[in-house]
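Since the structure of chain A is provided, determine the placement of chain B on it from the hints.
Taken in sequence, the protein lines are chains A and B. If you use my numbering, the first sequence corresponds to residues 53 to 358, in order. If you use my numbering, the second sequence corresponds to residues 2 to 333, in order.
Hints listed in this document are in silico derivations from the structure and should not be mistaken for laboratory results. Quick caveat, the model's predicted, so the values are computed rather than measured. Treat the hints with care, as some may be off.
The calculated lysine-lysine pairs, modelled on DSBU-like cross-linking and capped at a C-alpha distance of 35 Å, are [as the list claims (entries may be wrong)]:
#: 1; chain 1: B; residue 1: 253; chain 2: B; residue 2: 310
#: 2; chain 1: A; residue 1: 87; chain 2: B; residue 2: 253
#: 3; chain 1: A; residue 1: 87; chain 2: A; residue 2: 232
#: 4; chain 1: A; residue 1: 87; chain 2: B; residue 2: 310
Examples of chain B residues toward chain A, derived with CB under 8 Å [as the list claims (entries may be wrong)]:
#: 5; residue: 62
#: 6; residue: 126
#: 7; residue: 299
#: 8; residue: 305
#: 9; residue: 306
Taking CB as the label site, the calculated pair distances span [as the list claims (entries may be wrong)]:
#: 10; chain 1: A; residue 1: 329; chain 2: B; residue 2: 323; range: 48 to 56 Å
#: 11; chain 1: B; residue 1: 308; chain 2: A; residue 2: 251; range: 21 to 29 Å
#: 12; chain 1: A; residue 1: 195; chain 2: B; residue 2: 150; range: 31 to 39 Å
#: 13; chain 1: B; residue 1: 103; chain 2: A; residue 2: 305; range: 51 to 59 Å
#: 14; chain 1: A; residue 1: 220; chain 2: B; residue 2: 324; range: 54 to 62 Å
All C-beta atoms in this analysis are idealised placements derived from N, C-alpha and C, irrespective of residue type, glycine included.
Residues per chain are reported as follows:
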Amino acid sequence: MSLSQLLQQILNGLSLGSIYALIALGYTMVYGILKLINFAHGEVFMVGAYAGYFAALGLGVDQAASGGGFPLHLAALALALAMGSAALLGMAIEYLAYRPVRNAPRLTPLITAIGVSLFLQNAALLAFSPNPRPYPPILRELRYEVGGVIVTNVKLAIFAVAIALMLLLRWFVQSTWTGKAMRAVATNVDAARLMGIDVNRIIRVTFAVGSALAAAGGILFGLDQIMINPSMGVLTGLKAFVAAVLGGIGNIQGAVVGGLLIGLAEQLTAGYISPDYRDAITFLILILILMLRPQGLFGLVRPEKV
Amino acid sequence: MFWLRRAGIALAVVLGLIGLELALEALLIEYAQRILLLAGINVILAVSLNLINGTTGQFSIGHAGFMAIGAYTAAVVGTELAPGIEGVLGPGLLASAIIFNLALLTGALLAGAAGVAVGAPSLRLRGDYLAVVTLGFGEIIRILFNNAEFLGAATGYFGDRPAGLPPYTSFFWVLGWAILVVLGIRNLTFSQIGRSLIAIREDEVAAEAMATPSTRLKVLAFSLSAACAGIAGGLFAHMQAGVRPEDFRFEKSIDMIVMIIIGGLGSISGAVVGGVFVAVTLELMRDLQEYRLVLYALLLIVIMLVRPKGLFGDRELSDIVRARLTRPEASK
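Pulled out of the complex, with its shape left as it was, chain A reads as follows (with noise of 0.2 Å):
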C-alpha cells in the first residue's frame, strides 16, 4: 500500500481514536475517584448521541439541510444539549445506584454498574427500536484532498470538538477549584473529606462531566460512523475502557494517549490486516497490558492496602 494511504489509515485511526478519548476520559475519571468501573458509561455515550440526534432534528436539520446546510450555531446547540442531557443522565445513575452502594463490598457496585447498563441498553432498544438510524446532516460534508490523502470537515470538526473539550477539561481539572478539589478526592478521599471537600458535590460533578464529553464522543461517532444504534455503547465502551487502562487508569492524560493509540491500531489492523479482526485488535492489546503493564502506561504502582 501506498504512502497516501497510510496517511489515509491513520487520519481515519486519530479521528476514531479522539473519540475514544473523549469517552476514556469518563471512565479514568470515575474510576479514579470511586474505584468503579462505570459499566454504564458506555450507554451514557450511546444516549448522548441519540440525545444528539433528536435534538437535531429538533432544530429542524431536515429543513436547514435540504436549503443552505445545518447553521454552525444550532450545531453548536444541539452539542450542548446533547452534553447536557448526558450530564443529568450521569448525575441521576450516580444519585439512584451507586451512591446507596458506595461502601458496601467491592462486588455490589460493578454489579449495579452492569445492572445500570443492561437497563439503559434494553430500555433504549424499546424507546428507540433496535434499527439503525442514519444520523442527521449536523455537517454537511465537504470533501478536500490533500496529496492523495481525502481529509473531510466531518473528520476536521472531530478534531476541533474533541481537542476543545480536552483542554477545557485540562483547564477544569488543574486551575478551578473543583477541580482541584476532584484531585484530592482522587488523592484520598478521607483527608480531602477533613479539608472540608463536599465528596458527594465532586463525585456528582465527576460523573456530570464525564458523561458531557461522552456525549460529545456519541455526537462525532455518528457523525463519523452516519449510523447509530441502541447497541453501539457496548463495543465502543469497551473499547474506550482499554483505552483508559492502556493509558493508566484513573490517569486524564493517559486516557487521551491510550484512546488515540487504540483508534489507530483498530484502523490500521481493519487496513493492512483484516477488517474482520478491528474488534480483537482492541482485545488482544488488553490482554497484553494486563500481562506485561497492568498498570498502563503512564499508571503508577501502587501497592494495594488492607
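Chain B only, in chain A's frame:
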C-alpha cells in the same frame, strides 16, 4: 465398609435416576420435559459460575462463551466419534453413553483450557478486570463461531445426520451430571481449597499474607468453573439437536448472573434455586421477550440496593434448616 456404603448410595442414585427418567418421559408432556432439562442445565451453569463469582469473589460476565466452547466441541467430537464407536459396539445405549460422555468431557477440557487462557492474565489483578476481559471474551468467541465456516458459521453446527445431532441429552444424563457437578463443587467449597477461595474473597491481601497462593487458586477456580460450563454446553447442544452462535449471546451470560444473584452469591443451594427459577420464568415470560432484559436489569439493581446478598446470602439451605431446628421457639 465406608466405601461399600458410598457405592451403595451411588447405585441407589443411578437406579433412582433411571426410574425417574422412565417416569418423567412417560408422564410429562414434551414442553414440561424441556423446561425440566433446561432447569438441570441451568443448575450446572449457576453452581459453576457461583464458584468463581460467589465463593471466590471475582466477577465473570462471559460464562456463555465457555458454554459455547463446550457445546461446539461436544457436538463435533460426538459426530466424529460416532461412526467408529458404533462400528465396534453397534448402535445402542452403551455406544451412545460412551460417545456422549467422551464428547462432554472433551468439551469440558477445552472450555477449562480456555478458562486458563482467559483467567491467567486477568486474575493476577483486581476482580474488576476479569469482568471486562470476560465481557470481551464472550463476545469474541461468539463472533469467531459466527464466522467459522467449518462449524456452519451463523446457521450453526448440526452434525452429519439429517435430523441434526442425536438427542443424547436425557433426564438421566442431565440430572446425573448436575448431581456430580453440585456435589463436586460442594466438596471443593468445604475443602481446604474452598476455605482459601473464601479467604481470597474476604480479603485477598490478608489471604496472601497467610501464604495462600491467590492467583493460582483463582485461576484454578475459574477454569474449573469454565469446564463445568462446557459440560452444560454439551448437554445443551444435544438437547437442541444443534448449536447456533446466537444461543450464546451476552443475554445468556446475564441469565446466569441473575440465577446466582437471586439465589445469593456464594450459596450453592441458592444457585440451584436460582437456576430452576430462571428456567421457569424464562418460559413463562416467552411472550414478554423484549421486556425480559429490562426486567432482569431492574431486578439486578433492586436486589443490589435492597438485599445485596440475594435470597440465601452466602448461607446454604442446610444452615437455614439447622438454625430453624435448633432455635427453641421454632420447635414449639
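Each hint, compared with the structure:
Proposed proximity of residue 253(B) and residue 310(B) is supported: the alpha carbons are some 22 Å apart, at most 35 Å. Of the supplied pair hints, the one linking residue 87(A) and residue 253(B) holds, its CA atoms being roughly 28 Å apart against a limit of 35 Å. Restraint check for residue 87(A) and residue 232(A): satisfied, since their Cα atoms lie roughly 18 Å apart, inside the 35 Å limit. Restraint check for residue 87(A) and residue 310(B): satisfied, since their Cα atoms lie roughly 21 Å apart, inside the 35 Å limit.
The closest approach between the C-beta of residue 62(B) and any C-beta of chain A is roughly 7 Å, which is under the 8 Å cut-off, so the hint is satisfied. For residue 126(B), the interface hint holds, the least distance from its beta-carbon to any beta-carbon of chain A being 5 Å, beneath 8 Å. Among the interface hints, the one on residue 299(B) holds; its C-beta lies about 6 Å from the nearest C-beta in chain A, closer than the 8 Å criterion. Contact between residue 305(B) and chain A, as hinted, is supported at the beta carbon level, the nearest pair being about 4 Å apart and thus within 8 Å.
Look at residue 306(B): its Cβ gets to within about 5 Å of chain A, closer than 8 Å, so that hint holds up. Here the CB-CB span from residue 329(A) to residue 323(B) is close to 55 Å, well matched to the stated 48 to 56 Å. In this structure, residue 308(B) and residue 251(A) meet the distance hint of 21 to 29 Å, their C-beta atoms being roughly 27 Å apart. Range check, residue 195(A) to residue 150(B): Cβ separation about 38 Å, and the 31 to 39 Å hint holds.
A beta carbon spacing of about 55 Å between residue 103(B) and residue 305(A) agrees with the range 51 to 59 Å that was offered as a hint. Taking the beta carbon of each, residue 220(A) and residue 324(B) are about 59 Å apart, inside 54 to 62 Å as hinted.
In summary, the structure agrees with every hint in the numbered list given earlier.
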